[in-house]
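**Q** Please work from the sequences and hints to get the whole structure.
Chains A and B supply the protein sequences, listed in that same order.
Everything in the first sequence is counted per our numbering, starting at 1 for the first residue and increasing by one.
Everything in the second sequence is counted per our numbering, starting at 1 for the first residue and increasing by one.
It is worth saying that the hints were derived from the structure and are not from the lab.
No false leads were mixed into what you were given.
Capping the alpha-carbon separation at 25 Å, the derived lysine-lysine pairs in DSS-like fashion look like this:
hint: 1; chain 1: A; residue 1: Lys268; chain 2: A; residue 2: Lys298
hint: 2; chain 1: A; residue 1: Lys219; chain 2: A; residue 2: Lys143
hint: 3; chain 1: A; residue 1: Lys219; chain 2: B; residue 2: Lys139
hint: 4; chain 1: A; residue 1: Lys127; chain 2: A; residue 2: Lys143
hint: 5; chain 1: B; residue 1: Lys139; chain 2: A; residue 2: Lys127
hint: 6; chain 1: B; residue 1: Lys139; chain 2: A; residue 2: Lys185
hint: 7; chain 1: B; residue 1: Lys247; chain 2: B; residue 2: Lys370
hint: 8; chain 1: A; residue 1: Lys219; chain 2: A; residue 2: Lys127
hint: 9; chain 1: A; residue 1: Lys259; chain 2: A; residue 2: Lys298
Covered stretches of chain B, as calculated for chain A (at least 3 residues, CB under 8 Å):
hint: 10; segment: 37–47
hint: 11; segment: 176–187
hint: 12; segment: 402–410
Even for Gly, the Cβ is constructed at its ideal location relative to N, Cα and C.
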Amino acid sequence: MKKILASVAATAVLVAGAASAQDYPNEAITLVIPYGPGGASDLAGRALAESAGKFLDEPITVVNKPGAGGMNGARFVSQADADGYTLLLARVGMALSPAVNPQVKTGWDEYTFVGSLEATPMILAVKSDSPYDNVEELMAAIKDDPGVMTYAASGATAIDGFTVQSLLSDAGLDPLNGATIVPYKGGGALATALLGGHVDFLAISAGSLMPHIESGDMKPLAVFSPERMDDLPKVPTVGELGYETAGQITGWSALYGPKGLPDSVQAKWDEVLDEVAEDETWLTLAERRGSISTVGEKDMSAYAKSQYELFRGLADEFGYLGN
Amino acid sequence: MLNELMTALHAVATIQNFLIIAAGIWGGVIIGAIPGMTGTMAVTLALPFTFYMDPVPSILLLVALYKGSTYGGSVSAILIKTPGTASAACTALDGYPLAQQGKAGKALNMALYSSVVGDFISNISLIFLAAPLALLALKVGPPEYFMLMVFALTTVAGVSGNSLLMGFVSACLGLLLATAGEDMYGSFRFAFTDDMQAGLSVAPVLIGLFALPELIKLIVFRNPPKARMMEIGDDRVSGREFRSVAKSLFRGSFIGVLLGAIPGIGPSAAAFFSYGSAQRASPRAANFGKGEIEGVAASESANNGACGATMIPLLALGVPGDVITGVMLGAFMIQGLTPGPLLFETNIHEVYMLFIGMLLSSVLLLFAGKFTMRIFTTIAKIPPTLLSPVVLLLCLFGIYAIGNSMFDVVVLLALGVVGFGMFLLDIPTAPFLIAFILGPMIEENLRRALATSRGDPTVLISSPITWIFAALILFVIALTARREIGKANQRKADAK
Numbered sequence: 001m002k003k004i005l006a007s008v009a010a011t012a013v014l015v016a017g018a019a020s021a022q023d024y025p026n027e028a029i030t031l032v033i034p035y036g037p038g039g040a041s042d043l044a045g046r047a048l049a050e051s052a053g054k055f056l057d058e059p060i061t062v063v064n065k066p067g068a069g070g071m072n073g074a075r076f077v078s079q080a081d082a083d084g085y086t087l088l089l090a091r092v093g094m095a096l097s098p099a100v101n102p103q104v105k106t107g108w109d110e111y112t113f114v115g116s117l118e119a120t121p122m123i124l125a126v127k128s129d130s131p132y133d134n135v136e137e138l139m140a141a142i143k144d145d146p147g148v149m150t151y152a153a154s155g156a157t158a159i160d161g162f163t164v165q166s167l168l169s170d171a172g173l174d175p176l177n178g179a180t181i182v183p184y185k186g187g188g189a190l191a192t193a194l195l196g197g198h199v200d201f202l203a204i205s206a207g208s209l210m211p212h213i214e215s216g217d218m219k220p221l222a223v224f225s226p227e228r229m230d231d232l233p234k235v236p237t238v239g240e241l242g243y244e245t246a247g248q249i250t251g252w253s254a255l256y257g258p259k260g261l262p263d264s265v266q267a268k269w270d271e272v273l274d275e276v277a278e279d280e281t282w283l284t285l286a287e288r289r290g291s292i293s294t295v296g297e298k299d300m301s302a303y304a305k306s307q308y309e310l311f312r313g314l315a316d317e318f319g320y321l322g323n
Numbered sequence: 001m002l003n004e005l006m007t008a009l010h011a012v013a014t015i016q017n018f019l020i021i022a023a024g025i026w027g028g029v030i031i032g033a034i035p036g037m038t039g040t041m042a043v044t045l046a047l048p049f050t051f052y053m054d055p056v057p058s059i060l061l062l063v064a065l066y067k068g069s070t071y072g073g074s075v076s077a078i079l080i081k082t083p084g085t086a087s088a089a090c091t092a093l094d095g096y097p098l099a100q101q102g103k104a105g106k107a108l109n110m111a112l113y114s115s116v117v118g119d120f121i122s123n124i125s126l127i128f129l130a131a132p133l134a135l136l137a138l139k140v141g142p143p144e145y146f147m148l149m150v151f152a153l154t155t156v157a158g159v160s161g162n163s164l165l166m167g168f169v170s171a172c173l174g175l176l177l178a179t180a181g182e183d184m185y186g187s188f189r190f191a192f193t194d195d196m197q198a199g200l201s202v203a204p205v206l207i208g209l210f211a212l213p214e215l216i217k218l219i220v221f222r223n224p225p226k227a228r229m230m231e232i233g234d235d236r237v238s239g240r241e242f243r244s245v246a247k248s249l250f251r252g253s254f255i256g257v258l259l260g261a262i263p264g265i266g267p268s269a270a271a272f273f274s275y276g277s278a279q280r281a282s283p284r285a286a287n288f289g290k291g292e293i294e295g296v297a298a299s300e301s302a303n304n305g306a307c308g309a310t311m312i313p314l315l316a317l318g319v320p321g322d323v324i325t326g327v328m329l330g331a332f333m334i335q336g337l338t339p340g341p342l343l344f345e346t347n348i349h350e351v352y353m354l355f356i357g358m359l360l361s362s363v364l365l366l367f368a369g370k371f372t373m374r375i376f377t378t379i380a381k382i383p384p385t386l387l388s389p390v391v392l393l394l395c396l397f398g399i400y401a402i403g404n405s406m407f408d409v410v411v412l413l414a415l416g417v418v419g420f421g422m423f424l425l426d427i428p429t430a431p432f433l434i435a436f437i438l439g440p441m442i443e444e445n446l447r448r449a450l451a452t453s454r455g456d457p458t459v460l461i462s463s464p465i466t467w468i469f470a471a472l473i474l475f476v477i478a479l480t481a482r483r484e485i486g487k488a489n490q491r492k493a494d495a496k
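**A** Next comes the structure, spelled out in C-alpha cells:
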C-alpha cells in the first residue's frame with residue numbers, strides 16, 4: 001500500500017512538474033503593485049490584469065504592496081520564487097531608487113525584464129493665476145530669489161522631484177536649494193497642494209494633472225516626454241526647449257519577474273504581450289490614464305540599464321551619493 | 001433643474017441599481033464587521049468588476065461598500081472589542097463596556113441610527129454645499145492642517161481614563177511608533193529590518209492593541225466572564241435616550257462633514273475629534289469610556305458623516321482625499337468621466353443620478369444594518385472560550401490578507417503583547433492608537449509648513465483658521481488643567 005501511495009505521489013509530482021513547465025500558467029498569477037491603490041501604477045496594473053487575463057486562461061490577482069518608495073513590493077517580487085506566478089508592475093522608481101539611495105538593497109537588475117508596458121509623461125504646471133507663462137519665466141523667477149519658490153513632489157529622490165531638480169540643474173541653478181521641495185504623498189495630494197496655492201509649481205505625472213489642466217485651473221508649461229502629448233499639442237517638451245538632462249526624464253511602467261524566470265514563462269508572456277499590444281481594452285484604458293502604450297516596443301533590460309545610469313549620474317551630480 | 005432631477009430619478013430607479021446598492025451596502029457591512037478586513041480592501045477588490053458596469057452604478061457600488069464598511073466596523077467593535085476599521089476605535093471605548101453590561105443590542109442600535117443620521121446629513125451636504133465646502137477645503141494648507149490635527153490630538157485627554165499622566169505617556173509612545181519607517185524626505189527611522197522601512201500599517205496596530213489583549217486576558221486569567229456579559233439583553237434605544245444624545249449625534253455629523261470635506265483627513269480623525277468634543281460638552285462626561293451611549297453616537301455619526309463628504313473634494317475639485325476616494329477616482333477615469341468642476345457642466349445627469357443613488361443608500365444602510373445585526377448578535381451567544389480562538393484566527397487571516405505580509409502578522413502579535421502589558425500597568429491604549437494614527441499627519445504637515453516658511457514657526461498662526469484652532473487648543477488645555485487641579489484638591493481633601 002505504501003509503495004502504491006509513494007508511486008502515486010511520485011507520479012503526481014512528475015506530472016505537476018511537467019505541467020508547470022509546459023502549461024504555464026495553470027493557476028492564478030499574482031501581480032504585485034508596489035504602490036497604493038488608486039494611483040497611476042495601480043490603474044496600470046489592474047488594466048494589465050484585465051487584458052492579459054483574457055489571453056492567459058488564468059486570472060491575474062492584483063496585490064498592492066506599497067512602502068519605501070515602491071521598493072517594498074519590488075523587493076518582495078525579486079525575492080519570490082522564479083516560477084512566473086509572482087510578477088511586478090515595475091515603475092521608473094525601480095531603476096531610480098537603487099541609483100539614488102545607497103540604503104536600497106534591491107538593485108535595478110535583480111529582475112527578469114519581461115517587457116515594457118507604457119510611457120507616462122510628466123507635466124510641469126503652475127496654477128492658472130500664476131504670473132509665469134513659460135519655463136524661462138519660471139526659471140528666471142527662481143534665479144532672482146533662490147529658495148523662495150516652492151514645489152510639491154513625492155520626495156527629493158522620487159521621480160517627480162528629479163523632474164524639477166534636473167530642470168534647475170539644466171538652467172544653471174542649484175538643483176537642491178534653488179527651489180524648496182515640499183513633499184506630499186500621492187498624485188491627488190500633490191495636485192491639491194498646487195490647486196490650493198500651497199506651493200508654486202510642480203512637475204508630476206500627467207494622469208494626476210490633466211483634469212485640472214482641462215478645467216483651466218492649472219497652466220501646463222512643458223512636458224517631460226520624448227514627444228509632445230496628443231492632448232496638449234501646443235505644450236513643448238523640455239527637450240525641445242533645450243533642457244538636455246531633463247529631456248531624458250519620463251515616467252514608465254514595465255512587467256518584471258524575479259531573476260531567472262524560465263524561458264517557457266518568458267515565451268508565454270511574449271505571446272500574451274503581443275496580444276495585449278493590440279487589445280482594445282488595454283489601449284482605451286491607457287489613453288484614459290493619460291499614458292502611451294509601449295507594450296513590446298522597447299528592449300526593456302537595455303532601457304532599464306540606461307535609466308539607471310542616467311539617474312546614477314544625476315544623483316552623483318546633485319550630491320545624493322557623496323555623503 | 002427639476003426636469004433634470006426627474007430624468008435622473010427615472011434613470012437611476014431600476015431594479016438593477018437597487019440590487020447593486022443593496023449588495024454594496026450589505027457586503028460592506030459584513031466586510032467591515034470582520035476584523036482585519038477594511039473598507040479599502042472592499043473597494044479595491046470591487047474595482048475590477050466596475051470595468052464592465054455603467055458609470056453611475058459602478059460608482060454607487062463603491063460608495064455603498066465604503067459606507068457599509070464604515071458602519072460595519074462598529075459591530076465588531078461593540079461585540080468583541082475588535083474595531084473592524086480604525087474609524088470605529090472610539091466606538092469600542094464605550095460600545096464594548098455596554099456589551100459587557102448586557103446592553104450590546106442598545107449599543108448596536110445606537111451605532112446604526114447614528115451612522116444613518118450622519119450618512120444622511122453627509123449626503124445632503126454633498127448635494128447642496130459641495131462647491132463652498134470644496135473651496136474651504138482648498139484653503140486648508142499645511143499650517144491649518146497641523147493645527148487641526150493637534151486639536152484632534154487633544155481628544156487624548158478625554159480617553160486617558162484614571163490618569164492623565166498615563167494617557168500622556170501612552171500618546172507619546174504612539175507618536176514615537178508612528179515615526180517608524182521612511183520619512184517624507186526619504187530618510188529611514190527605526191528601520192531595523194527591510195520590512196520596517198515601510199513603517200507599520202494601521203490595521204495590525206489597531207487590532208493588536210484592542211482585540212488581542214482581551215484574548216490574552218482570557219488565557220492568562222482563566223476566568224471566563226459571566227454568561228450575562230454576552231447577553232444581548234436590553235436592545236432598544238428609548239426616545240428619551242435618543243433625545244439625550246441628539247446634540248452629540250448632530251455635532252458629530254457636522255464634524256464628520258467638515259473634516260470629511262478636507263482632503264486627507266478621513267473618518268478616523270473625524271471620529272476622534274467628535275468623541276473628544278462630545279465628552280467635553282456632555283453632562284455625563286465621567287461616564288465616557290465606561291459604557292456611555294453618547295460616546296457611541298458621537299463616534300459613529302462622525303465617521304459615517306465623513307463618508308459622503310469625502311466625495312466633496314473628489315467630485316467638486318477632482319482630488320481624492322484618501323485611499324478609498326483615490327480608488328473611486330480611478331473608477332471614474334476608467335469610465336471616461338473626469339471628476340472636477342467640469343463634471344457638473346458636462347455630466348450633470350450622471351451627477352444627479354449619483355446623488356439620488358447615495359440618498360437611497362442611506363435608507364438601505366438602515367435595513368442592511370438591522371438585518372445584519374440580527375445575524376451578528378447570535379455571535380454574542382457563543383461562549384467566549386469558543387469565540388475567542390475564532391476571533392484570533394480571523395484577525396490573523398484578515399491582517400495577513402491586507403498586504404500578503406507576514407510582517408503585519410508579527411506586528412499584530414507584538415502589539416497584542418504590548419497592549420496586554422499596558423493593561424497590566426494600567427496605561428490606557430486608546431491614546432496610543434489615536435496618536436499613532438494622527439502622528440504622521442501632524443509631523444508631515446508641520447514639516448511642510450516649515451518648508452514653505454523656510455523655518456519660520458509663525459507660519460503656524462498666520463491665518464484665521466489657525467487662530468481658531470490655536471484658541472481651541474488653549475481652551476482644552478486650560479479646561480483639562482482645571483479639572484486635574486480640581487481632582488488633586490479633591491484627593492487632598494479626601495486624605496485629610
